[in-house]
Amino acid sequence: MPEYDEAAQWLHEHLARQGLGVVPARFEGFVLAYQHLQAMTEHLRQRSQIAVQPAASADDA
Amino acid sequence: MTPEPQASLAQVSRAIRERRCSAVEYTQACLDRASRLQPQLGAFATLRGDAVLASAALADAAIARGEWRGPLHGIALGIKDVIDVAGLPTLAQSRQLRGYVPERNAWAVDRLLAAGAIVLGKLTTHEFAFGPPVVGECGPVARNPWNPRHFAGGSSSGAAVAVAAGMLPGALGSDTAGSLRSPAALCGVVGFKPSRARIPRHGAWPLADSLDALGPIARNVEDCALIYQALALPPGPPPPLALRWPKPPRIGVARSFFNQGSPLQAQGREAIEAALAVFAGLGCSVSDVPLAPLRDWNAAGMVILLSEAYAFHQHWLRTRPQDYGQALHDALLLGATLSAADYVRALEQRQRLTAQLDAAMHTVDVLIAPIQAGQAPRLEQLNEWGFLETPSFGIAFNLGDYPALSLCCGFGDLGLPLGMQLVGRRTGEQSLLQAGYAYEQACAWHLRHPSL
Numbered sequence: 025m026p027e028y029d030e031a032a033q034w035l036h037e038h039l040a041r042q043g044l045g046v047v048p049a050r051f052e053g054f055v056l057a058y059q060h061l062q063a064m065t066e067h068l069r070q071r072s073q074i075a076v077q078p079a080a081s082a083d084d085a
Numbered sequence: 013m014t015p016e017p018q019a020s021l022a023q024v025s026r027a028i029r030e031r032r033c034s035a036v037e038y039t040q041a042c043l044d045r046a047s048r049l050q051p052q053l054g055a056f057a058t059l060r061g062d063a064v065l066a067s068a069a070l071a072d073a074a075i076a077r078g079e080w081r082g083p084l085h086g087i088a089l090g091i092k093d094v095i096d097v098a099g100l101p102t103l104a105q106s107r108q109l110r111g112y113v114p115e116r117n118a119w120a121v122d123r124l125l126a127a128g129a130i131v132l133g134k135l136t137t138h139e140f141a142f143g144p145p146v147v148g149e150c151g152p153v154a155r156n157p158w159n160p161r162h163f164a165g166g167s168s169s170g171a172a173v174a175v176a177a178g179m180l181p182g183a184l185g186s187d188t189a190g191s192l193r194s195p196a197a198l199c200g201v202v203g204f205k206p207s208r209a210r211i212p213r214h215g216a217w218p219l220a221d222s223l224d225a226l227g228p229i230a231r232n233v234e235d236c237a238l239i240y241q242a243l244a245l246p247p248g249p250p251p252p253l254a255l256r257w258p259k260p261p262r263i264g265v266a267r268s269f270f271n272q273g274s275p276l277q278a279q280g281r282e283a284i285e286a287a288l289a290v291f292a293g294l295g296c297s298v299s300d301v302p303l304a305p306l307r308d309w310n311a312a313g314m315v316i317l318l319s320e321a322y323a324f325h326q327h328w329l330r331t332r333p334q335d336y337g338q339a340l341h342d343a344l345l346l347g348a349t350l351s352a353a354d355y356v357r358a359l360e361q362r363q364r365l366t367a368q369l370d371a372a373m374h375t376v377d378v379l380i381a382p383i384q385a386g387q388a389p390r391l392e393q394l395n396e397w398g399f400l401e402t403p404s405f406g407i408a409f410n411l412g413d414y415p416a417l418s419l420c421c422g423f424g425d426l427g428l429p430l431g432m433q434l435v436g437r438r439t440g441e442q443s444l445l446q447a448g449y450a451y452e453q454a455c456a457w458h459l460r461h462p463s464l
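Sequence lines, in order, name chains A and B. When you read off a place in the first sequence, starting at 1, and then add 24, the result is the number in the numbering used here. When you read off a place in the second sequence, starting at 1, and then add 12, the result is the number in the numbering used here.
None of these hints come from the bench; they were simulated from the model. All C-beta atoms, glycine included, are put in the ideal place defined by N, C-alpha and C. Hints may contain errors.
Restraint ranges, calculated between C-beta atoms of paired labels, are given here [unchecked claim]:
id	chain 1	residue 1	chain 2	residue 2	range
1	A	H38	B	W80	43 to 51 Å
2	A	E27	B	A367	30 to 38 Å
3	A	F51	B	N159	29 to 37 Å
4	A	E37	B	R48	51 to 59 Å
5	A	A63	B	T375	52 to 60 Å
6	A	F51	B	G293	48 to 56 Å
7	A	Q62	B	P305	27 to 35 Å
8	A	F51	B	T375	31 to 39 Å
Sample of chain A residues lacking proximity to chain B, with all beta carbon distances greater than 12 Å (derived) [to be verified]:
id	residue
9	Y28
10	D29
11	E66
Partial chain A-side listing against chain B, Cβ under 8 Å, derived [to be verified]:
id	residue
12	A32
13	A40
14	L44
15	V46
16	Y58
17	L61
18	T65
19	L68
20	R69
21	R71
22	S72
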């Protein structure tokens, strides 16, 4: 999970790129909620059966 | 003679049909009580005026001609304010919809009107059926009739409050992660989320389209069944008419929802354990059913909910962000941080969890789980991000699209209701309602009402 400062920076940039430039009023709480959601997506990633399968050889690639 | 405010829909229906009370008298009584209690409880977003009495007079005239349309004939109902009623504003508690007055009814409203029901008004919700209750310009905050300083649940909050307070005998609401079942449980009434296909959602504003379902809130199981009967479509067995079970069902207990990081409090647990003993006493077998922990269900459910809600609101978030309340605006923005891969993994997890639930439901007829941690908290204790921080007991059965019913199973030390949810098999609405009805008859919690 990203640290607070890193998450805050990413959120500012990401929301601006998405055309969603209005910064949440209570930004600290928003960042914490984002980190909470990131923990959920990480949990789903760990449970996922969709895994990256690297090519076994140059021919497969 | 006008029935008591807390008379059941079934009782009122019989009185109107037998002309012991007119629909006009009953509607007037509902209007008077709703007007008196509205400042205290905030159940209505729009309360119709005396014009509604004209509809009631038509209902009386039809009965006088021998044209009784069914149990909802002449019955005043309320509609959650995310569901369109022609000629009444749909505000969804949001500035985004200011000035919107639909010309057409939602499918479900048409169905209720065709059954003879009368729409008394639109009922308070949270902004677009999401987030915490917010005091603002777009409608009141619904307050728990057992103690107005306490939360009424959400987001069909006005529906549960109006029914519990005796303003109305029943209401139509929506449920994406427990939004019928939670407020019903916190207010001591019955909330019923049927399978999604039973009640088409045309004319209802979505929160998360693959999770949303419409359903009734009423004072008891029979009344819920009567409203559901007027709304429900096949497939499957016909809507329930017989509420007595042919034989005691096999009861399963979602024990992982009680443990493993569950927020269930001691009083809530004790009330449900006592309810399990009641079912055993009625001749049901009771056994634990293995399910994944709440955390697994909530991770999938929240990622799907936030993704779908963001997809619906994306355009307005970019062009009119100032027309959202702060809490909903910020919650919706979280959806913008999710990726396609996150959504796909959530769908995959949903499929896996639902397969597990399907297997579990082969061994039982009805599953019992908590629906709320305990009694309703005080309004000032609510946290803007509580929907992420505290796991939902309800969302599992939206993910799996199982019919689910919440009902009162006791009262806590503050005198506030405690609830539980019963979950039926796929298309098993009838046996689910039968199980709820049997429990209700055995315990009679539904006969307790707040003093107002």
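Q: So, A/A32 near chain B? Judge it on the closest CB pair being under 8 Å.
A: violated, 12 Å
(Q) Checking hints one by one. Is A/T65 an interface residue toward chain B, by the C-beta closer than 8 Å rule? (A) The hint holds - A/T65 has a Cβ within 8 Å of chain B, the shortest such distance being about 5 Å.
Q.
Checking hints one by one. Is A/L68 an interface residue toward chain B, by the C-beta closer than 8 Å rule?
A. Since chain B brings a Cβ to about 4 Å from A/L68, closer than 8 Å, the hint holds.
Q: Take a look at whether the Cβ-Cβ distance between A/F51 and B/G293 falls inside 48 to 56 Å.
A: Holds: the Cβ-Cβ distance is about 54 Å, inside 48 to 56 Å.
**Q.** Restraint check, 8 Å cut-off on beta carbons, for A/R71 near chain B
**A.** holds, 6 Å
Q) For A/Y28, which was marked as not at the interface, is the minimum beta-carbon distance to chain B over 12 Å? A) A/Y28 is indeed farther than 12 Å from all Cβ atoms of chain B, at 15 Å.
Q. Once the shortest beta carbon distance from A/L44 to chain B is found, is it less than 8 Å?
A. Given a least distance of 6 Å, the restraint on A/L44 holds.
Q: Evaluate the given range 31 to 39 Å for the C-beta pair formed by A/F51 and B/T375.
A: violated, 49 Å
Q | Interface restraint verdict for A/A40 against chain B (beta-carbon cut-off 8 Å) | A | violated, 11 Å
Q) Okay, A/F51 versus B/N159 on CB: inside 29 to 37 Å? A) Because 34 Å falls inside the window, the suggested range holds.
(Q) A range of 43 to 51 Å was offered for this pair. Does it hold for the Cβ distance of A/H38 and B/W80? (A) violated, 60 Å
Q.
Verify the CB-CB distance for A/Q62 and B/P305 against the hinted window 27 to 35 Å.
A. Roughly 19 Å apart at Cβ, these two residues miss the hinted range, so it is violated.
Against the hints set out earlier in the document, violations occur for numbers 1, 5, 7, 8, 11, 12 and 13.
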